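Chain H is already provided as a structure; the job is to place chain E on it using the hints.
Here the protein sequences line up with chains H and E, keeping their order.
The first sequence: position 140 = 140 (our numbering), numbered continuously.
The second sequence: position 20 = 20 (our numbering), numbered continuously.
FYI, nobody ran anything at the bench for these hints, they're computed from the structure.
Treat the hints with care, since some could be wrong.
Quick look at which bits of chain H chain E covers, simulated, 3 or more residues with Cβ under 8 Å [to be verified]:
(1) 15-25
(2) 50-62
(3) 65-76
Please read these numbers as outputs of a predicted model, since none were measured by experiment.
Heads up, the beta-carbon is just placed ideally off N, CA and C, and yes, glycines get one too.
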Amino acid sequence: MRPRRFFRLPWRTARQIRADIDDELQFHIAERVDALIALGTAPDTARAQALREFGDIDDARRYIDAVDRDIEAAQRRSDFMSDLLHDIAYAARKLRASPGFTLAAIATLALGIGANTAIFSVVNAVLLRPLPFPKSDRIMRIQFKQQGHGDASTPMDLVDYRTQATRFAGFSTMEPTTANISRDQGDAERVQALRVNANWFELLRVTPLVGRFFLPGEDQQGAPAVAVMSEELWRRDFSADPAIIGKTLRVNAKAVTVVGVVAANKHYPLTVEMWMPKQFDAQELSDAARGARWLGLVARVKDDADVDAARAEVTRISEAMEKRFPEDFRERRATAVPLHDYMVGDLRKPLYLILGAVVLVLLIACANVANLLLVRANARESELAIRAALGAGRGRLIRQLMTESVLLAIVGGGVGVLVAKIGMTKLLSSAPASLVMAQHASIDATTLALTAFVAIATGLLFGVLPALQANARQLASTLRAGGRGQNTRPGAHRTKQTIVVAELALAVVLLSGAGLLLRSFERLMSVDPGFKPDGVLTMKVALPAVKYDSTAARNLVATIEQRVRSLPGVDRSGVATYVPLDNSSYDFTFEIRGRPVPRPSDEPASEVRQVTPEFFSAMGIPVVRGRGIDATDIPTAPHVYVVNEAFAKKFFPNADAVGQSIRMDWGRDPKGATNQIVGVVGDVHSFGLEDAPEPTVYASLAQYPANGLTIVARSAAPATLAAALRGVMRDLDRDVPVYSVMTMRERVDASVGAQRFYASLIAIFAAVALVLAAVGLYGVIAYAVSQRTHELGVRVALGATTDRIARMVIGEGLALTVTGVGIGIAAALVFGHVMASLLFGVSARDPLTLTAVVVALGVVSTLASWLPARRAARVDPLVAMRGD
Amino acid sequence: MSSQPLDLLQGTLDVLVLRALAWGPMHGYAVSRWIHERTDGVLTIEDAPLYKSLHRLERAGYVAAEWGLSEKNRRARYYTLTPTGRRHFHAEEATWRQYAAAVFKVLEPA
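Extracted from the complex, chain E is given alone in its bound form:
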């Protein structure tokens, strides 16, 4: 079980997943790799919460899922950002940037 605060993790992870899908439709494994590569392994994210996030976002209508075939001809579930999801991502992204900027400002040695 994760020892990190769940709500922070959830909100953070959702934004990262949306960001990944903003790049284009992909299956869960691709999302996992995409985030892993982008964070250079700084954030160690387990895959279980990632899949939870994907389905949660589907229920919220931010992503749509469809079965397709992977590059290796395996049956894979592909996720696409919906227009609502894209709007939601942009709003969340702005909030995050403000949040991060504020934190940086505090931490900056005066």
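Only chain H is shown next, with the shape it has when bound in the complex:
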């Protein structure tokens, strides 16, 4: 404990410390010499005796010097802390004294900081936080790139890489599938599942929560059927009962033994809830099957291998394979992409854009609070002048004012965390499916640390200008001027104007960004999907293959169609393998009769859908030429195809597609057989409104039965039909789960969910920015008016009309607005291109959007200056002139 002093000792320099020690020791010697002389000792011997009695004086000096330096340092530390505590107490007192200002500032900051915290926690969860696997940066997704093909791989790719790659600890394929879990009572449940190799969990390096993962060999033909489930499924359906291990479930109508549970969120992909070994048959593991690509390939780089070298090795192997299989591998290149990059690839840009937007909002919030502080600083000039006169240095005053602003920011940040917590709930509930990783976003230590940093940085940022204005010299003149502190220096007003211009410019940038996204969203929504989404209910069913062979499936489809059609309110009903916008792709290469056989990698390819006759009219897809699928297209009749316009245009640009014959390479037709194209139907946007329609072939579901089906029913009230539709399926077979019961309108909405989410988020931030900027403008103009009451009074007295006064005040506001908007538009034009890839059907410099932004800001600014202008116009010259 330091002794408490009632006044502060000035800090001592090292030189002063040494001088003090010399003084003290010399005093001692002098006193002793005097005493010895008084006792009768001769003066010259007295001095020698005093020094002898003293002992080693140089050693003492060195020792005392070191001790005194310690004392001095401790003193400085304690002075600093007590100053800080004093400043904080003083700042808190001052802030409490003006609750209006304090609340406005805290609310503004809480909004700015809270929005940043919420968005950052999402960015952190999705982009920054590593995947929940040990050394996750070594897990790679292997992608194949080849003209005209997807990035999928084959079973033989797995064999190739396992035998040739030296820098990898292992490879596994993955095949997304569904698991229909039957239960003794109640409906069957369908969950997303993944078929993988036995080393899958070993690659990820996760340990089972309960039980075990797959054993080597369980992915071989003839191995017993086993499955691993996610903790989510285990808790939801099996009440987290550990006895689930070893239990047999009926999955896809087959007996499967549960061997383990994987911890929640510690798996990939996040949406999958059941894993089963993938067993390849001999045919799939032959060179002949190198063309059938449908698998994902995942690998882990060895711990002691160089990641870049390992990635290069992947590409090198694919090049070597091209030499061995020049047909199948022509220009087919493999790249190893870190799994995390693979997962977040498309999310990076919009998320950083949103983060940028909230940072702008925070900057505007800072600007507003800085302006509030400036106004306050003017009002407090006399207080500061008195403190300066009492000896507070400029640095001390700046520190005091900065303490006040940092305190404001910290309180604002604290409230901001609450704002973020509330905002996050709303944010995540409306997040699109692609942001599944964001669902694990939370305000964790990283986020809180960043928030604290942002809060303090914010406090320094908005506090530094007002603090620097507290120039001691000018303050002294304020005091001389009678302590009124009301005569604002022109420089101070200029600072406030500059801040408002900056705010307006930032708001313009945000508004134009939001405008462009909203306009591109509106463009997207106005795209004709090619079908009539209103009034159509769809429902998916997955028929277990072991129970339904093709005849059984065909018969069930006929029964379903007939039952659904007879439901009250149903106008039309159909069944198809896939419906538009259900994120399913089912494509095959094909040959056109009468054309030379192309090389394997040049073969044309097309999506294929099997449908029942009424599907087109139920979905509202028009038949453009020829006919659709008919009731006469039964197994015994000649097999036919209907194609869409994109198909006809792409493959028969100069001829009529109807009457041509093609052969799909999907292994369902006798050798050499071709099917005639009997009609052309309208295009639909199958994969997204922003994507061009893909060439599509429609076949008769009766001629080509399938197990994965979507039931389609058109009715006046589709939403109320869901229960009846489920009932139909339950009556027919309660082991067949129904899922994805959605109207087509809902599918359209879901397909633009991401765009809607990003656009509305940016729009909210832009609206906040606009309001903050308008408030900032209002504040500056209103303050200027209150400062000029006297002058305005004189003008009125000299005959200025109220109109003239109002125009003058609004003029000042508009001058600021024009400058701010000008700068903002210029910035929007320069930086607009970063948004280009997120826009649809709108240029990043869309003149209409930019004009709308200018008009909106003009209107808001006029309003913000009109309110103070009205007050100015009402100035009573007598009161104004007397009052001053």
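Here is chain E on its own, set in the frame of chain H:
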């Protein structure tokens, strides 16, 4: 340089200095004289360790120092016992008395 064991000397000297200051604020020279007179010259204490002790005690917060003027109008550094220092002195004093009593008991001819 002193040939006595440093730690014993240091601890002893600190207690003597605190005792001197318990009597009232004084400068270093006065402390030196006070101890000298009280010990009747039995203990020959050099002034160098005494000043070291004073500053050490200041660093520990047991004494506070202030510049003032001596009786002869010389600038002198005056030391005052702080409340912590007073408590520390009383504790040390008790320990010393116990220590001395124990030593005496051993030396007493039985």
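A quick look at each hint next to the structure:
1. 15-25: Per the Cβ count (4), the hint holds.
2. 50-62: Per the Cβ count (7), the hint holds.
3. 65-76: holds (count 5)
Taken one by one, the earlier hints all hold for this structure without exception.
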